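Put chain B with the ligands on the given structure of chain A with help from the hints.
Quick mapping for you: the protein sequence lines, in order, are chains A and B. When you read off a place in the first sequence, starting at 1, and then add 20, the result is the number in my numbering. When you read off a place in the second sequence, starting at 1, and then add 224, the result is the number in my numbering.
Hints were generated in silico from the structure; no laboratory data involved. It should be emphasised that the depicted structure is a prediction, and the values quoted were computed from it without experimental measurement. Be aware that a few hints might be false.
Said to hold, decoys possible - Here are some chain B residues pointing at chain A (derived, C-beta under 8 Å): (1) H277; (2) R331; (3) I334; (4) P335; (5) L337; (6) A338; (7) G339; (8) W372; (9) A385; (10) S389; (11) R394; (12) G397; (13) H399; (14) P485.
As the list claims (entries may be wrong) - DMTMM-like mimics (lysine to aspartate or glutamate), calculated; alpha carbons at most 25 Å apart, straight line: (15) A/K256 with A/D51; (16) B/K305 with A/D79; (17) A/K256 with A/E212; (18) A/K203 with A/D108; (19) A/K88 with A/D108; (20) A/K203 with A/E250; (21) A/K165 with B/D487; (22) A/K203 with A/D263; (23) B/K305 with A/D51.
Unchecked claim - Simulated restraints on C-beta separations: (24) A/Q38 with B/A518: 46 to 56 Å; (25) B/V494 with A/E89: 57 to 67 Å; (26) A/E250 with B/Q511: 14 to 24 Å; (27) B/L479 with A/K141: 48 to 58 Å; (28) B/D254 with A/S202: 25 to 35 Å; (29) A/T35 with B/G320: 42 to 52 Å; (30) A/Q218 with B/D254: 54 to 64 Å; (31) B/P455 with A/R80: 46 to 56 Å.
We put the beta carbon where it would ideally sit given N, CA and C, even for glycine.
Letter by letter, the chains look like this.
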Amino acid sequence: MLQLENVSKLFFTGTVNQRVAVRKINLTLEDGDFVTVIGSNGAGKSTLLNLIAGVYPPDRGRIVLDGKEITSWEEARRAAWIGRVFQDPAAGTAPRMTIAENLAIAYRRGQRRGLQWGLNKALREQIEVALADLGLGLEHRLQTKVGLLSGGERQALTLLMATCTQPRLLLLDEHTAALDPSKAALVTQLTERLVAEQRLTTVMVTHNMEQALRLGNRLIMLHSGRILFEIQGSEKRRATVRDLLEAFHQLQGETMTEDELLMN
Amino acid sequence: MIAAFLGAIELGLLYGILAMGVYLSFRVLDFPDLTVDGSFVTGAAVMSALFLHGVSPWIATLTALLGGAVAGTLTGLLTTKGHIQGLLSGILVQIGLYSINLRIMGRSNIPLLAGTVMDPIAALPFGLHVSTLLTFVALVAFCGVILWAFLGTAFGLAVRATGDSPQMVRALGGHTTATVVVGLAISNAFVAFSGALVAQYQGFTDVTMGIGMIVVGLAAVIIGEVLFGAPNVWRGLAAAVGGAIVFRLVIALALRAGLAPTDLKLATAVIVVVALLLPRWLTQRRQRQNLQQAVDAALQEKADAQVG
Ligand SMILES: Nc1ncnc2c1ncn2[C@@H]1O[C@H](COP(=O)(O)OP(=O)(O)OP(=O)(O)O)[C@@H](O)[C@H]1O
Ligand SMILES: [Mg+2]
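So here's chain A without its partners, still in its complex pose (with noise of 0.2 Å):
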């Protein structure tokens, strides 16, 4: 459904500060697949999510969404068909505007936003059932300020502003990060639970090899703007933590420990 075909990025191009962000990238998705994505800062993960959602476009190479070329189609554009969630909580959200709100605009993702009123009494309803459904309360502080909110709730909302439309593609950047354990174990299990009954294809880029391991059908690491390796299906399933450190001892030729590529 997705492919990305020699896809490269480049920031500060013809300069000192030259940096290849993403090298010649080949990644085909099909219907239905997780992808997990890791790699050490600075390897390019948000750099890719942020080509496959336009919100730059690639310097070489093409972009292709269920038959169409999107390569050059403005972020706007291909959100009709991309929900995203951020790492930063303040980001993806209004903290001005209530939860209702917030939702209101999410709920109209790939339609006009005309004269209309942006909340009525259907869009209410459908609204305080997502809610319900997310099991955090929420759907009882309509009128609350989101900027109010718990970042852990912040990040629930987000996911559901992303999948209630239920879109082509979910791109997660590292969504649980800046949340403390109990919280971002709460929003990974509700990514698990959205993904898995909207059946939705998704590509999340995390820190935490055992979460990389466990969720989904696919891993690749990146490393330098490269995909190092991939893994999925049950060789992804046997895999441990152990595994991805070595093979990507014997592929770089350089130790790592796990913590340098979880975290710098």
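Just chain B with the ligands now, kept in the frame of chain A:
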């Protein structure tokens, strides 16, 4: 004395329309839009030029809205499509508008003595001040309801979210170029409308009448927030109008107390600085006091424990 205060409230109401426009750019879009100093005059200029050419004053006043919208659109395009910093975009349009306003007017000052929209208002059968006040209140309320309704539409929600997180709006398929440009167009349309009305109220259009108008708008928005609170859109709009009236009353008082009219702009700046610093200073003081009390309480417990 009473007349001076009623006059201050009347002018405050007209400035209230400007304040609602500034609320839209400064608070909703989080965009400090300096176009205002120019577009305020553009509204007055368009109105008076049409008026001089024999156009009905009502149509002339409504056309002023259009002039402001064009100015706001320009600023919006410079900052979104042109990637010019917001402040700079506003200043550039403001300075360009100065020449354009002069061209529209044909000279630097146009007296508007008779035949403006103020005449039929004054002719209402309630006496001059009551008629004027009632009409202005109705007008401001109407403008406020329109803006409030707009900000409640599907597009309006996206405009509001743009001020919070443009990244979120784009990720949800909203076009932030459109929300910024339309938001600034509407904001400056309100400002220009206010300019056209103020010109008719004071009986002339002058090309310099816009100087410092952004500060007046900010003063209104900030004073309103401090005094009345602005927890949601309609309260924010109401607070901006209330702030504009309070601002005019303070100015009227200051003039009465002997402030030289030439020192007005300085007084305006000082009022805004006070309105900005006072709330922060008060919360800091409260926090410090709470902290002191907490320390005292903790030490008290310690002492009790030792005794026990
Ligand atoms: N907008 C940008 N402008 C300039 N350089 C950038 C930009 N985004 C990323 N880079 C650079 O591209 C490289 C890859 O960055 P990227 O953010 O994709 O890494 P990452 O794998 O997501 O890392 P992290 O784990 O720290 O989030 C880095 O060297 C980074 O400095
Ligand atoms: Mg990243």
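>> Flag every earlier hint the structure violates by its number, smallest first.
In response: 1, 2, 3, 4, 5, 6, 7, 8, 14, 19, 20, 21, 22, 23, 26, 29 and 30
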